[in-house]
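Student: What follows is each chain in one-letter form.
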Amino acid sequence: MSRERVSLVLAAGASTRMKSKKSKLLHNVLGRPAIYWALDQARWFSDRIVVVVGHQRDELMKVVADYHLDVDIKFATQTEQKGTAHAVQSAFHEIEKWKLEEADIFIMGGDAFLLQRETLEEFSKVHQSTGSVLSLMTAVLDDAGAYGRIIRNERGQIERIVEAKEASRPELAVREMNAGFYCADWNFLRETLQSVSNSNRSKEFYLTDLVSLARNQNRLVQTLTIPYQESLGINTQEDLALVASIFQKRVNSYWMSIGTEMLSPSTVWIDADVELGQGICLEPGVILKGQTKIYSDARIGAYSVIENSEIGQSSVVEAYSHIKEARVGPQNKIGPYARLRPGAILDSEVHVGNFVEIKKSHLAEGAKANHLSYVGDSTIGKRCNIGAGTITCNYDGFHKYETVLGDGVFVGSNSSLVAPVTIGAGAIIGAGSVITKDVDPNAIALERSDQRELKGAAEKFRQRKKREH
Amino acid sequence: MSRERVSLVLAAGASTRMKSKKSKLLHNVLGRPAIYWALDQARWFSDRIVVVVGHQRDELMKVVADYHLDVDIKFATQTEQKGTAHAVQSAFHEIEKWKLEEADIFIMGGDAFLLQRETLEEFSKVHQSTGSVLSLMTAVLDDAGAYGRIIRNERGQIERIVEAKEASRPELAVREMNAGFYCADWNFLRETLQSVSNSNRSKEFYLTDLVSLARNQNRLVQTLTIPYQESLGINTQEDLALVASIFQKRVNSYWMSIGTEMLSPSTVWIDADVELGQGICLEPGVILKGQTKIYSDARIGAYSVIENSEIGQSSVVEAYSHIKEARVGPQNKIGPYARLRPGAILDSEVHVGNFVEIKKSHLAEGAKANHLSYVGDSTIGKRCNIGAGTITCNYDGFHKYETVLGDGVFVGSNSSLVAPVTIGAGAIIGAGSVITKDVDPNAIALERSDQRELKGAAEKFRQRKKREH
Amino acid sequence: MSRERVSLVLAAGASTRMKSKKSKLLHNVLGRPAIYWALDQARWFSDRIVVVVGHQRDELMKVVADYHLDVDIKFATQTEQKGTAHAVQSAFHEIEKWKLEEADIFIMGGDAFLLQRETLEEFSKVHQSTGSVLSLMTAVLDDAGAYGRIIRNERGQIERIVEAKEASRPELAVREMNAGFYCADWNFLRETLQSVSNSNRSKEFYLTDLVSLARNQNRLVQTLTIPYQESLGINTQEDLALVASIFQKRVNSYWMSIGTEMLSPSTVWIDADVELGQGICLEPGVILKGQTKIYSDARIGAYSVIENSEIGQSSVVEAYSHIKEARVGPQNKIGPYARLRPGAILDSEVHVGNFVEIKKSHLAEGAKANHLSYVGDSTIGKRCNIGAGTITCNYDGFHKYETVLGDGVFVGSNSSLVAPVTIGAGAIIGAGSVITKDVDPNAIALERSDQRELKGAAEKFRQRKKREH
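Protein chains in written order, with my numbering: chain A, 7 to 475; chain B, 7 to 475; chain C, 7 to 475.
No wet-lab data here; the hints were simulated from the structure. Since the structure is predicted, the reported quantities are computational estimates derived from the model, not experimental observations. One or more of the hints may lead you astray.
Covered by chain A, per the in silico footprint, the following chain B stretches (three or more residues, Cβ under 8 Å) [unchecked claim]:
hint, stretch
1, 126-139
2, 265-279
3, 390-400
4, 458-469
Backbone N, C-alpha and C define an ideal beta-carbon position, used for all residues, glycine too.
Whole structure, please, built from the sequences with the hints as guidance.
Tutor: So this is what it looks like as structure tokens:
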């Protein structure tokens, strides 16, 4: 098969109905900008892609430049918005650089990327096997609303597409609509597009006029009818939410098919780049973002949010844990209400319990910080036990300082470790101490006054207070 | 158009199927009692409203009295429940006070307020333009269940309504049902209602008998068929949940249409009185209650609950934040797990971090309380840094006292500030201190003993403990 | 009615498509293993049940042994998987032990337990009243996929069932499918099953061949068409999620019907064994697990997770509370962000506030621990007030020790109570104290140094720090 291929992604339009400062193509869908999903779809057809940009040109080009797969992407700029035919024509100069002879051009909107891969493959097959100069996808709707209508002749062959704005009443009654995906012979496209005129109500150059132009030349136009859902594009925030929910279903179905247990899939959000091992359980409301990786047999508790982090094998993360840019080793027990911040690195069998915050710290095997603690800029040795209410005082208003605990240190509750400070292996810190000086290994260190007791004083205090009323 | 208008809201019935102590009309739908939604709908028709009360009369009247818009609401009492015609008749005495001549009366149940405004406008138009003495809404269902059936003659004109309890088998097969909204000519209503009899199986006076009475007089009865969903009323807790979810969809669609981003709208709850600025992002599971106002470009993290509060422009509220009756200024960073309680007032660029509770306190520009703290009854100056684990001890078992920090105070971690106490601007409090006396500006204050160290004592302690086994 | 009854639950198959180490019948559906739901359904038909086991035989038998209702369950082992007829035949030896004469055998898959009780009752009625030797349930689907097709003769009588794998193209077009539930005359079953052959493409003994065998004997076969949903079984994780969501709807509908308010029922998960009183409100995202019991008029805040616990009458649990194996008395105020761990026992009018963890402790009437505290292994007297940041230091690295507070103790903020320790009734502990020795009733005890102040030192410190840059 000597025919070459190019995908054309039309991404020049404004996103006015999103009511957003950001282009709709830069909005986030399962952790990736929308345009990346469009490029994925374009790549199924061809590694050569032309992206037609216009509105927010620079922002889009910058983001597309980071779409780091091995694709040959060229940009064409459509300076004015004169219709889809005009947008396609803007790309000709770039396409010509590939010096193609026989080629097919797949044309899609940058905001319409819900095709299933098999649908696109079927579409190319239909286009190629019938030798049509133009193929397009259609869908059927009870009320086709603002979509272009497919007008067929008595033999059922497509004759033309009429835009809703230009349609007569009987044409508006047609339920088959233009789904907005085209495949065109490159030579046909180049020759015929210049014949498209803008003598219509909107003064736009419609790409869809190609259909009647091809038919007038007695050339074959093919259609493939696809499920309406696959034709959806993003024009409003509500569309964005709908498209996100469709990807959510696809992604969650995939993970369930490899054995992930989730009883409430409609409330679980897994970004596209997340990786899950075998035998994982995700409770209701779990949100996994970015480059997160969960290893096998881990369980993630309800409403936990995990971003750009690793959770090791057989680790249990209890409800409401908030983990960002952290590495959790195997067989950890985390949460509920544990907050792991960037740079938290937990080896195996570490426990981090409720209302504990770990930032930029390394906790070695078997270390525990189970209650109400702040551990920052610290190195915590094996099997250390950090008592409830312990704070590493890592900041003096100017700089951050480090706390180092050797293996097996026991820190009594409500202690303050004023960094920089080193506690030797096996040392014990008495409860409530403020430790400002290094502690020797195996020493007991404490900072504490004598306990004083004023007998009966509480009763007197209460009497006085009551009298004051 | 010289015809006058009155809306009649039937709200006398018991709510037995709710299994609730509270009238169903007092249940909360997106932050407002159900009856308020009913009154909103009634007001679309007319500013003159009669509410027919009966069960829980006093509670209802009290709540309706606080429906503070500029409406003329009168109450009529239906002492016994003898059917809908009887309920309407109970209102005559009140309606007559307006001394109307030509008038239309819109009759609706107090628990049925899902009409779209355009539907009601279409309905009044149909009623007025055809000059019918009675108009009513119908809906079509595969199985009309317990609803009254619309019986039409061979020309398609409505002849009568037969209640399901009174219907024959062929009548029960009719799919067009009475949706329960009526518009009646006041004179017709007054004259004809007394002819309604209760000689039926239920011994009830049915308002729906008006249809056959009008037809017997050869007078015109009009119908408007509406979507079934708009006819829904609330009889059970399940109905209440369904109605709430319909309003949830309407409200969320509205906010998305003005640019609010929410990827999981089915889990986001926004009360009716909430106001949102431009460019706001609401993550999954966010709940916004009461008179909350979010300014532009703010982002609200997953599962946060915000009630009767303001969130300033470009502020970020991270996951699981719980904010009630608080004012958060612009460019704040709040949460995750931040709790702002009534009277928390945060100026611009304030940071309140995880496991921090703020109550009745003012934090000035740039102040930070990032970890595990309780700040109550306090005034915190600009750029103060409240260390992790700091507690304002504001309560002695009898009274609450105030803590005042000047600008730029640095409070070391795990400190206790025993109120009433004032820390001068620029002062530093050493970690772990209990501060009971005022501190001068720019002073360093601390309360601490010497750190003591018992060399090797930890090891001895462990030996002893092991021997004890 | 002298006919006896046996239920046969086929539970021998592997669960390969679940991609789980655990049998699909041991997966959790609303807090119970799937097989328990199957046994419930089997019991509606008969208290005599034979479970045919094979894959993971021992694990299944162990779990079924704990299904502690008064049922006579026998196990039969199917060693090889040679088809459904073979599975049924494996049970004959066990059935014969009951020495039945006239009997009906209800046959179901262990993973298909969505029948409504009325459906099964209708089915037995149909079977018995018509005197058929075999009855089966069918359902209708647009595309019956991999299900067996119901082949009827021109009079509409069922003639045979053809498995999808064995079906011709016209047979595949049939929309009526075998729902997989059978009722068979015991003598017919015993006599006829041996005639089933495996001369088909799959070399399996199909139970469905009984239909044509019965028809060849000119015996009556009855069908009952049921809603497709009731025929669903569990083969994949996605099926498991779907079945769980169906039970979620049924359970939530039930609780709403008795008056439980829940505005977002699709996000509320209530395990099957949970009990709810009257007038309870469950906010969005609430998860109630295990043997939890909520008494009347309690309110459970958004996203709270409660497991194997009791919540007393009129108690309020605020958002994000995590309660496990705890007993909360009446009129408590719990949360938000309260964590009650196993052994937390709270009497009436107790308050446990944000970021507070209670473990294995008894809090008497009116006790309060409102902020940032850890209370473990403690007995807290009536009306005690535990200040913010208080920690009971219950662990020395080897053992756990107890803390005892008499009635009316006031513990100042940030205190550490080093167990074992007893604070007498009415005593006051000064803020920030580390209490290591018992305190007398009505005494004031504190551990504190003098507050020192270095005038101007903070300013000098800052100057130095700035110079260092």
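Student: Do at least three Cβ atoms from the stretch 265-279 of chain B come closer than 8 Å to Cβ atoms of chain A?
Tutor: holds (count 9)
Student: Do three or more residues of the stretch 390-400 of chain B come closer than 8 Å to chain A, measuring C-beta to C-beta?
Tutor: Per the Cβ count (4), the hint holds.
Student: Taking a Cβ-to-Cβ distance below 8 Å as contact, does the stretch 458-469 of chain B have at least three residues touching chain A?
Tutor: holds (count 10)
Student: Closer than 8 Å, Cβ to Cβ, for at least three residues: run that test on the stretch 126-139 of chain B against chain A and report holds or violated.
Tutor: n = 0 at 8 Å, threshold three: violated.
Violated hints amount to a single one, hint 1; each of the other numbered hints is respected by the structure.
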